[in-house]
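Q: Protein sequence lines correspond, in order, to chains B, A and W. Under my numbering, the first residue of the first sequence carries the number 1319, and numbering increases by one thereafter. Under my numbering, the first residue of the second sequence carries the number 350, and numbering increases by one thereafter. Under my numbering, the first residue of the third sequence carries the number 52, and numbering increases by one thereafter.
Calculated directly from the structure, the hints in this document are not laboratory data. Wrong hints could be hidden among the right ones.
Here are the computed lysine-lysine pairs in the DSSO-like style, where the Cα-Cα straight-line distance is at most 30 Å [said to hold, decoys possible]:
1. 1539/B <-> 1522/B
2. 1341/B <-> 1539/B
3. 1437/B <-> 1522/B
4. 252/W <-> 1382/B
5. 1346/B <-> 1591/B
6. 520/A <-> 1341/B
7. 1539/B <-> 1591/B
8. 1437/B <-> 252/W
9. 1341/B <-> 1382/B
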Amino acid sequence: MTGEVRLETRGLSKRFGGLVAVKDIAFKLHANEIMGLIGPNGSGKSTVMKLIMGVERPNAGMIKLDGVDIAGWPPHRIARAGIGIVFQHSRPLHRQTVLENIKLALLPDSLLRLAVDPKVDERARAIAERVELGEVMERRPSTLPFAYLRRMEMAKAIARDPSVVLLDEPFAGLTAAEVAAFSELIRSFRAENRAVLLVDHNVKGVAALADRVLAMYLGEKVAEGTAEEVMRDETVRRVYIGGKIEASQKRAAVTAGRPPLLEVEDVSVFYGKAQALDRVSVRVREGEFVSIVGLNGAGKTTLFNAVSGLVPYAGTIRFAGGDLAGRSGGAIARSGIVQCPETRELFGDMTVRENLDLGGQHLSAAARAAQLAWLFELFPILEDRQGQPARTLSGGEQQMLAISRSLMMQPKLLILDEPTLGLAPVILEQLSKAMERLRRTTPITVLLGEQNVTFALPHADRVYVLEHAHIVWEGDPLRFAAEMGTGYL
Amino acid sequence: MLGLQIAIDGFAISALYGLAAVGFTLIFGVSGVLNVAHGGIMVVAALVGWFSAGALGFGTYWGTLCGILAGLVMAFATYFVVVRPIQHSRAIPAEETEIFVLTGTLLWGIMIEQGMAYLFTDNPVTMRPLIGGVVNIMGVRTPRNEIMIAVLCWVLIGLLWLLINRTRGGKALLAAAINPRGLTLLGFELSRIYLFVWTIYGVLAGIAGVLLASFLGVASSNAGPLTASAFAIVVLGGLGSVSGSLAAAYVVGYLETLTAYLVAPTLRPIPPLILLVLVLYFRPQGLLGRR
Amino acid sequence: MSRILHAPSFWIAVAAVGVAAALPLWLSAYVLGVLTAAYYFGVFGMAWDLLFGFAGEVNFGPTFLIGIGAYAAAILNNVLALPIPLCVLAGAAAALIGGLLMALPALRLRGPYFGVVTLVAVLLLQNAIVIFAGVTGGEIGMTVPDVLSIDTNINYWYALGFLVVCAVLLFGLSRSAVGLILQACGQDPIEAQALGFNVVKHKVAAFCVSAVFSGVAGAMLIFYMGAASVDTVVSISIGVQVIIAAVLGGRRTIVGAALGAIFLILASELLRPLGQLNTFIVAAIALAVILFFPDGLLGYALRVGERK
């Protein structure tokens, strides 16, 4: 049973310059309720959380906490009014113990109270026990595993006994067992009559916990209801999966016997203490089109960045037989692995042509001209836009430019990370056609990372599913629909 | 009469400041480094130029060349001894790198200043003009050398513009200032681009140092004030903006010249500093800065 | 309290102060004079560390605060012939105003930009002193009629006592509840706010405390030396020495800054025979420390201790 309304927003909007990050968001959060706020990268869910906490000021709308409008208040006042938050990335005090870190959260906001009240010590110990940190409270954060640090952040957030708790991607970087234990802790907030808002990339992450889920896309609410309802929702499925799943098996037989081009073996990556990849192995044969599907935050980008030499990793990555360890990002790109990143990384103030020329800088003049002509045939719109600064292009055109710029390098292996991110269906179709053409007319090898399964499957010879830093499934696209299709979201 | 004199002197000194500041702002734009040893590097160029032209008997032209070379060598030394080790250090947390680079180059600047005073002299030195003679511009007697300096600075700035906007290497440099990650993905080595920009910087700072020695004279103790001027110019113009720096160089150059002629030569550095503080209070992105 | 009495580091500190207090029995007047100046520098360093190490504000112009305190005291003593304690108080008040002036841009500007402003602040102060040479003595400096004492030993004990008092106060503050909050504000302002702390209030307070300690120490220093000049309390190179001392000793330790200052001044005294090269070598040592032990000497020792 849920109780009275604790937090209510109405008409909440936020613009950054010309970009509308949050538009007209309204919801009610009740006592002893857990609500999930989901949406892919850039959907505005994190901004909503920052607006509630006061880290960003809303342009319009109201935020009521226990009946009082707190919109526009500074964060420290909002915190004292009864909202606690667990940030995804936090920097604890390293010279202090866990207990002292928790005590910090209990101190009065005063310049004169120099001595710590004995009651604070008592309360901090009780909270440490409450989040099961009792045994390590005298240790320093730097000596503890990541899951404990998350618990410590949780302890800080509930220290002032807030009526509303905001959690930003609470499970990122935790193992399955840790997720279960952590979920138990979050569930126990209900008994304390708190309201909890979980912010995450996807329904799956919060389904087991949340009473209700609100889905956002491009700053707007697209669905609201129970986890099952939201998962079934047409718009949500279109945002995450695309439309109907289609697959092809035309070439799989052809590429099966070819030698491997890229071999990723037992690769693990840590960001600080958070594990982003756990012994992942992936193999791509020459001429193959391999898709790695997985939701935001599963580890796709991390895997690609490890291959491109942009993040340090444990394990082995071999390309055309040679170990990539110790090679610089630039050297890896020149050896033929070209990544077209999710963030596109265009040179915004330079023209389309200048962007393309930089991609083809390692080619001879004749080869560059030929490559350019071929790309203009693939994406005719770019030819018309040649003299325009890249940042003035539409999202779809920017994506085409990013892909073309990578193709200018004549890659042996093209890595495409989330090319569909934030694009309209019409553009997706154009991109899809270009992919098909690329696959049919060139010997290129492609490794595609996608959340949008509809986009990823039709071209793929083979599919991997990456979930929570692990490869959980591998097979051909025809089997995917049968074996993974429903459980994917 | 005095007005014209101020106009001419201000123009020449501003061109010189602009030349020095452009290199400084390029480094910031491309690699985010604020090089506080900047004035020190100019002083090295000036003193080595003066010493090899006079005491070593190389003559003015070869002396000038030696000075520029010394500026280049010091720029490389700054990068390899101070900046790069700090950027690559694992013991320094990423969010503190900027501060460590600032502190490191500050110490390095002091070492240069003291080292120069020890090796050469702590008195002001003036190089002989590259070309002698005086022309009369509407009643104002102006040394040919001063005109030559202004022209040379603008020629160099023009060449730099061509280098950046019309050559492949320059384009890569521009791209690195916009998005270094994107450039790595296209197979460029950022380390080479950094080396390239420090080379440009070293040559420009070297030339500016030597020309300053033949125009106003330079002492080892000028290292600090020269850095301060460059800072004022670059911040006024918006950090990383080349055209902004050139415009700001003229603001600062003329402010200083006006003060020197109309108020007192000793107060020369003050108005730009006050302007800088005001701008930082009210428009932190600089006069022409983006964002 | 009993916990403090059981900590070995507390007894080491007491023993060190005891030995320092007895030094006049053995050392020459000259060495005592050097140490006296070093102790005042120690206070400069500690006040700076409170701002940088705890509040996270990069102040490249510690001498802005020190110089204001020193010159305010010197001018009042010289022109109005006020007694020393009043002058020191006035120095503290003037420095406090300076600290508030500095806090203003600090709240608006990001790290490096603020660093530039602090450097400029020092240059402006330096120029102001030269412009108003009539009152300040300009580049030559000014002598003050009163001095703390003419006895070397008493001067030494004054300085030592002052250093110990400041160290206890600042170290205590850094370890207090307020120090904990300040550290959180410096490390991650957004999270500190989300924990319910008014970051602006705490940072401004840190500027005020740092300014008062710097101002008082600056004033005491000129009443020890009997003169105030740009080269001794304002110039950027003095400020850099303060920063070097704090970084050398170890950021975020307070006491490290005092140790660093003493080490630095003794080192440059030992290197005095090298003449002009002395500053060069000190800067080189500091650069080496930054490159190889960025946590500073005490910070490094603490880290090694923690690992055990």
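Q: Is the hinted pair residue 1437/B and residue 1522/B satisfied, with a Cα-Cα distance of at most 30 Å?
A: violated (41 Å)
Q: Please verify whether residue 1437/B and residue 252/W have alpha carbons no more than 30 Å apart.
A: holds (25 Å)
Q: Keeping to a limit of 30 Å between CA atoms, is the pair of residue 1539/B and residue 1522/B held or broken?
A: Judged against 30 Å, a Cα distance of about 18 Å means the pair holds.
Q: Assess, step by step, whether the Cα of residue 1341/B is no farther than 30 Å from the Cα of residue 1539/B, and give holds or violated.
A: Since the Cα atoms of residue 1341/B and residue 1539/B sit roughly 8 Å apart, the hinted pair holds (cutoff 30 Å).
Q: Does residue 1382/B sit within 30 Å of residue 252/W, going by the straight-line distance between their CA atoms?
A: holds (26 Å)
Q: Checking one constraint from the list: CA of residue 1341/B to CA of residue 1382/B, max 30 Å. Satisfied?
A: Between residue 1341/B and residue 1382/B the Cα gap is close to 17 Å, so the pair holds against 30 Å.
Q: Can you confirm whether the C-alpha distance between residue 520/A and residue 1341/B stays at or below 30 Å?
A: Answer violated: residue 520/A to residue 1341/B is near 39 Å, above 30 Å.
Q: Are the Cα atoms of residue 1539/B and residue 1591/B separated by 30 Å or less?
A: Distance of about 34 Å is beyond 30 Å: violated.
Q: Quick one, are residue 1346/B and residue 1591/B close enough, alpha carbons at most 30 Å?
A: violated (35 Å)
When the structure is compared with the earlier hints, violations turn up for hints 3, 5, 6, 7 and for no others.
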